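Chemist: Residues per chain, in single letters:
Protein chains: 4
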Amino acid sequence: MNTFGTNFRITTFGESHGAALGVVIDGCPPGMTLSESDIQPALDRRKPGTSPLVSPRQESDRVEILSGVFDGKTTGTPIALLVRNHDAHSHDYEKMKNLFRPGHADFTFQQKYGIRDYRGGGRSSGRETIGRVAAGAVAEKYLTSLGITIKGHVVSVHGKTGAQEIESEILAAKNAGDSVGGIAEITAKGCPAGLGDPVFGKLDAAIAGAMMGIGAVKGVEIGAGFAVAGRFGSENNDPITKSGFLSNNAGGILGGISSGQEIVVRIAVKPTASIAKPQKTIDAGGNDASITVKGRHDPCIVPRIIPVAEAMLALVLIDAVLEQRKYRE
Amino acid sequence: MNTFGTNFRITTFGESHGAALGVVIDGCPPGMTLSESDIQPALDRRKPGTSPLVSPRQESDRVEILSGVFDGKTTGTPIALLVRNHDAHSHDYEKMKNLFRPGHADFTFQQKYGIRDYRGGGRSSGRETIGRVAAGAVAEKYLTSLGITIKGHVVSVHGKTGAQEIESEILAAKNAGDSVGGIAEITAKGCPAGLGDPVFGKLDAAIAGAMMGIGAVKGVEIGAGFAVAGRFGSENNDPITKSGFLSNNAGGILGGISSGQEIVVRIAVKPTASIAKPQKTIDAGGNDASITVKGRHDPCIVPRIIPVAEAMLALVLIDAVLEQRKYRE
Amino acid sequence: MNTFGTNFRITTFGESHGAALGVVIDGCPPGMTLSESDIQPALDRRKPGTSPLVSPRQESDRVEILSGVFDGKTTGTPIALLVRNHDAHSHDYEKMKNLFRPGHADFTFQQKYGIRDYRGGGRSSGRETIGRVAAGAVAEKYLTSLGITIKGHVVSVHGKTGAQEIESEILAAKNAGDSVGGIAEITAKGCPAGLGDPVFGKLDAAIAGAMMGIGAVKGVEIGAGFAVAGRFGSENNDPITKSGFLSNNAGGILGGISSGQEIVVRIAVKPTASIAKPQKTIDAGGNDASITVKGRHDPCIVPRIIPVAEAMLALVLIDAVLEQRKYRE
Amino acid sequence: MNTFGTNFRITTFGESHGAALGVVIDGCPPGMTLSESDIQPALDRRKPGTSPLVSPRQESDRVEILSGVFDGKTTGTPIALLVRNHDAHSHDYEKMKNLFRPGHADFTFQQKYGIRDYRGGGRSSGRETIGRVAAGAVAEKYLTSLGITIKGHVVSVHGKTGAQEIESEILAAKNAGDSVGGIAEITAKGCPAGLGDPVFGKLDAAIAGAMMGIGAVKGVEIGAGFAVAGRFGSENNDPITKSGFLSNNAGGILGGISSGQEIVVRIAVKPTASIAKPQKTIDAGGNDASITVKGRHDPCIVPRIIPVAEAMLALVLIDAVLEQRKYRE
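Residue numbers (full-length UniProt numbering), protein chains in the order written: chain W, 1 to 329; chain P, 1 to 329; chain S, 1 to 329; chain L, 1 to 329.
Hints are not guaranteed to be accurate.
As the list claims (entries may be wrong) - Derived CB-CB ranges, DEER-like:
id: 1; chain 1: W; residue 1: Glu-262; chain 2: P; residue 2: Lys-151; range: 35 to 45 Å
id: 2; chain 1: P; residue 1: Gly-147; chain 2: W; residue 2: Gly-72; range: 54 to 64 Å
id: 3; chain 1: L; residue 1: Gly-31; chain 2: W; residue 2: Ser-168; range: 54 to 64 Å
id: 4; chain 1: W; residue 1: Gln-40; chain 2: S; residue 2: Gly-295; range: 49 to 59 Å
id: 5; chain 1: P; residue 1: Lys-95; chain 2: W; residue 2: Glu-262; range: 45 to 55 Å
id: 6; chain 1: L; residue 1: Glu-64; chain 2: S; residue 2: Glu-235; range: 34 to 44 Å
id: 7; chain 1: P; residue 1: Ala-284; chain 2: W; residue 2: Gln-40; range: 25 to 35 Å
id: 8; chain 1: W; residue 1: Gly-190; chain 2: L; residue 2: Gly-147; range: 50 to 60 Å
id: 9; chain 1: P; residue 1: Lys-151; chain 2: S; residue 2: Gly-31; range: 53 to 63 Å
id: 10; chain 1: S; residue 1: Asp-71; chain 2: L; residue 2: Gly-147; range: 51 to 61 Å
id: 11; chain 1: P; residue 1: Glu-64; chain 2: S; residue 2: Glu-64; range: 53 to 63 Å
id: 12; chain 1: S; residue 1: Gly-31; chain 2: P; residue 2: Leu-146; range: 16 to 26 Å
id: 13; chain 1: L; residue 1: Glu-64; chain 2: S; residue 2: Gly-190; range: 46 to 56 Å
id: 14; chain 1: S; residue 1: Gly-286; chain 2: L; residue 2: Gly-147; range: 20 to 30 Å
It is worth saying that the hints were derived from the structure and are not from the lab. Since we're looking at a predicted model, the values are computed, not measured. Virtual Cβ for every residue (Gly too), placed ideally from N, Cα, C.
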């Protein structure tokens, strides 16, 4: 449903054009200093309108802490974070309320619930990630205090690597009224060995579920990932020496448990579904139709997915860190 | 931990060389005919010793239903399935009890628990999947009654496709005392639209977690998967017409919810970690050592992972099918 | 933690004197008409200041729906409900921040978390129930549409029954700077047979946990309750006839599953812990001290616990109703 | 469903007259010595046939550890415990398969599942508690190593206290073909302060749910319990001094969190539903009928419920102990 995690558990809510979005964090360790200024920078990183490569929408997205913090410290009780919605152009969507946008969740929401908030994608909007990013910032602050650091970057866009190549690919797509996909990598340094559970609760399984749970992600790989399919075991096994592992094809996870090496995750991100080119679709009555998705959309979502993916990795790791503590007598 | 699923919930137990392995299934709908003969064929498919391409170990693996079935029908109470262990060559492992096999979970289990059953990999052995496959057979029987069918096949091994190419790659690796990785695809036909939850409980997120939770899997992709990273949105969006979708790049899932199209999943499987070639490692005391993993290992685990991956997909789907029923008034 | 329920799942947050209190409801069936006016009356019933028998505090407690409702109908996505705090007399508590009030959670919160929001009891305040009551109102609306109705009443206060007796007991306690306990009964009519799970998820187990999870409740009984301890089986068994059961000692639940009879629950409510009489306690440094709890406290919490207990019963029942649907093919 | 606990999680299975009963324990801390001889005595305490006061059935109930223990120590992986069924007189039940025994779960199982294993009550039999008691023995062993001890005793039977009075009440009921109810008390000494969560996860809420989840329990109270309803706050609050609390009306739990005092729980146990006297009931076709329940039943279940209630308290406490560890940095 809308809850993620077991020990550090977040529950998000809110639609793109509703009154507000937010998250309740349950299980944050008590005694950590926390204020809005720890969270706001993460929201600022994810918001659009900051470069010609992303959507020109202006989303102010100011976070307010509603509970769980007293005298500047977390108390162990739920931390509710609220972001009010502004700058919603709901009328852009009015015309499309009876059309299912290809590549979007419009059709499947209607099938599942028999009703949907069509304004800005409603709950399936990218704005849903505000709650994740805000909670992730809290998790990251705690992880940092343990020496664990998380970083993401764009690996490639439309098959191209290098900042300039990528920029021109995105702008070309934008100018063509189209969009492009790409690959992002997220890593975590400083994780202790021993995190994760060996069967269904494998750390890599949790990461894969977390990443594929981000809209637009269609593939996840750990360490060498799909490249392992073309290898010999003698190439792929990471030799162990008394100075440590000699390679990291495993991406920091063996048998579902962290090895102490860097954790390395890559995700495949599809081209933004909203494009200005006409596409075939049907209307609510089941009739053939054509749709051109107007609005202020990102020509490539890869750069903006980075803070979300970092947040999800932070959430998985803090959960595993707290879980592992039950083994301490 | 060792439980998977919410509505159709399985809990597995057992080590490679312990007394027994098994699974408890909770939430199986009542009134379905069920006997050992519905489950045994799936176990027979996963067992080794059936061809020169796989391990020559002989594992009889007879399943016994301990509970939850009365007069040949499920009653809605937990179904416990038991498989006794036989043919365990524990002495093969005695020599390695103080060595951490590269690519295996030996090192990380030790880090996590401070103790491990080193015989045959203990709980991290491939034999742990017996419980999954047995439970998956029960799930598949139920899904079949709803018109949902699941199938898996080997896509490639060591970069090669085609039965003969694949066979010779595997035999070559075996003869060299090495192993090879590959890619498998699993599909589900007949799924109704509307399965899955739109945020953290996305159907593709559940599938990704389930697949990455199988030992040796290092990557998961849905539909077009990593290929989306090189595409335009205008290529990748699946057009909708009154006769249905015109393509299936989404792999049957939009916004985390099934669309009614075929669900398509691919997994990257690493080369078997156990190889006969000498490898660098350390012993329990932290000293450098060399290890040659003797035993009767699969030179390529891809063919044997198919029934496991099918089982995991069945478990995800039956869970989603039961979940979706709560929307019916 | 702060989440209750499986299918209709609520997560509450907020402290007595923090910025706000609220709840996120996840799993509410889509398509139900819902507005603030469906929830506000329940909050008005629980609030103090409405009679000389209860606290004179004025809590306006206006609820705002933040998400999950579109065009006046639930959409199946999370419904976040917010109540801003006002009228907080935090300075009343400043003097007591280093004292542990007897009968309160001050001491144990400090032991558990090493930190606590001492203003108005923080998270252990009765105001925490605002989220429960708001969510319960949504659940009750849905249950009513299925013909299930929930009602609570005061059975006795300080051993006395009858409205006038009870009123004079409460006023006498108030005038003495003391407080009194009592018993409340909550019933549900119209429940179908078949709700609840037979082992750990027994419907009465869920109800007992829900009721004992309300602050001040020290006992729970179902049907004949503690009276069964003095009976013969021949008296206590409810005979079954083709016109129905001839008695209801079971309180509507047999073997953990609803029988279709009225569900009958009683709870023992302790006297309000906050009293104006001096009491022995210790301070944060562990020194003996005396405390007199000033403030605007209820001399008897039984009347005000009724809407909370009704809400908890509604939450248990809606969860069971949705759970039972997975048995429908 | 059939799983209890979060950190120390048990899943039970099995019917009275099926092949076997058992339990899978997940989350048991690694490194604890464990063998069948740690568990068997608890099963021997719960079994019938040991005195004229209880059922004369002979149930050998030998437990076998199937997994999770290596070289005499727990490994952190699931511990599966198996008890094969013997001495089942299924033919006793054949005649009653179309009758719903009053006070039993026959009617409600049929309503819920549309099918039931009528032999010996199937899953609703008291034999279902074998899994709980076996798992409880493992939990108790661990708790004992932390200095936490759990004890239960019979408080009263049919309103009478004192061993001789109780014995004669039970024998009188037995001779009359009837049964009697009673009250049991279970306590835990040595619990540290800080266990339990303050809102829905209150320690007393967990205990109440655990106890009411035992068949035949119709009431639960903590500390002073229902007696609080007749008290003043000034009587009921437990004064705190630097030498500790001066009384224990709270039963060791304040605001849902353990205070470090003894935890005190009492349960009301109904008279055994199976009695030899004729009772009114209906058959599967809905026709009026009379039933006389033959078999070897306990005239009073209170003595035999003690080991079960101790087990449930142990399971709640170990779960809370492990949960609390996540607060340790």
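Chemist: Compare the structure with each hint and give your call.
Modeler: Structure-based check of all given hints:
Between Glu-262(W) and Lys-151(P) the Cβ separation comes to about 37 Å, which falls inside the hinted range of 35 to 45 Å. Between Gly-147(P) and Gly-72(W) the Cβ separation comes to about 58 Å, which falls inside the hinted range of 54 to 64 Å. About 59 Å separates the C-beta atoms of Gly-31(L) and Ser-168(W), a value consistent with the hinted range of 54 to 64 Å. The beta-carbon spacing between Gln-40(W) and Gly-295(S), approximately 36 Å, falls outside the hinted interval of 49 to 59 Å.
Remark: the range hint 45 to 55 Å for Lys-95(P) to Glu-262(W) is contradicted by a beta-carbon distance near 32 Å. Range check, Glu-64(L) to Glu-235(S): Cβ separation about 42 Å, and the 34 to 44 Å hint holds. The beta-carbon spacing between Ala-284(P) and Gln-40(W), approximately 48 Å, falls outside the hinted interval of 25 to 35 Å. The given range of 50 to 60 Å is broken by Gly-190(W) and Gly-147(L), whose C-beta atoms sit roughly 36 Å from each other.
At roughly 36 Å, the beta carbons of Lys-151(P) and Gly-31(S) sit outside the given window of 53 to 63 Å. A hinted range of 51 to 61 Å for the beta carbons of Asp-71(S) and Gly-147(L) is consistent with their spacing of about 60 Å. Between Glu-64(P) and Glu-64(S) the CB atoms are about 57 Å apart, so this pair conforms to the stated range of 53 to 63 Å. Checked against the hint of 16 to 26 Å, the pair Gly-31(S) and Leu-146(P) passes, with Cβ atoms roughly 24 Å apart.
Evaluation of the 46 to 56 Å hint for Glu-64(L) and Gly-190(S) yields a pass: the beta carbon distance comes to about 47 Å. Separated by about 22 Å at the C-beta atoms, Gly-286(S) and Gly-147(L) satisfy the suggested range of 20 to 30 Å.
When held up to the earlier numbered hints, the structure conflicts with 4, 5, 7, 8 and 9 and fits the remainder.
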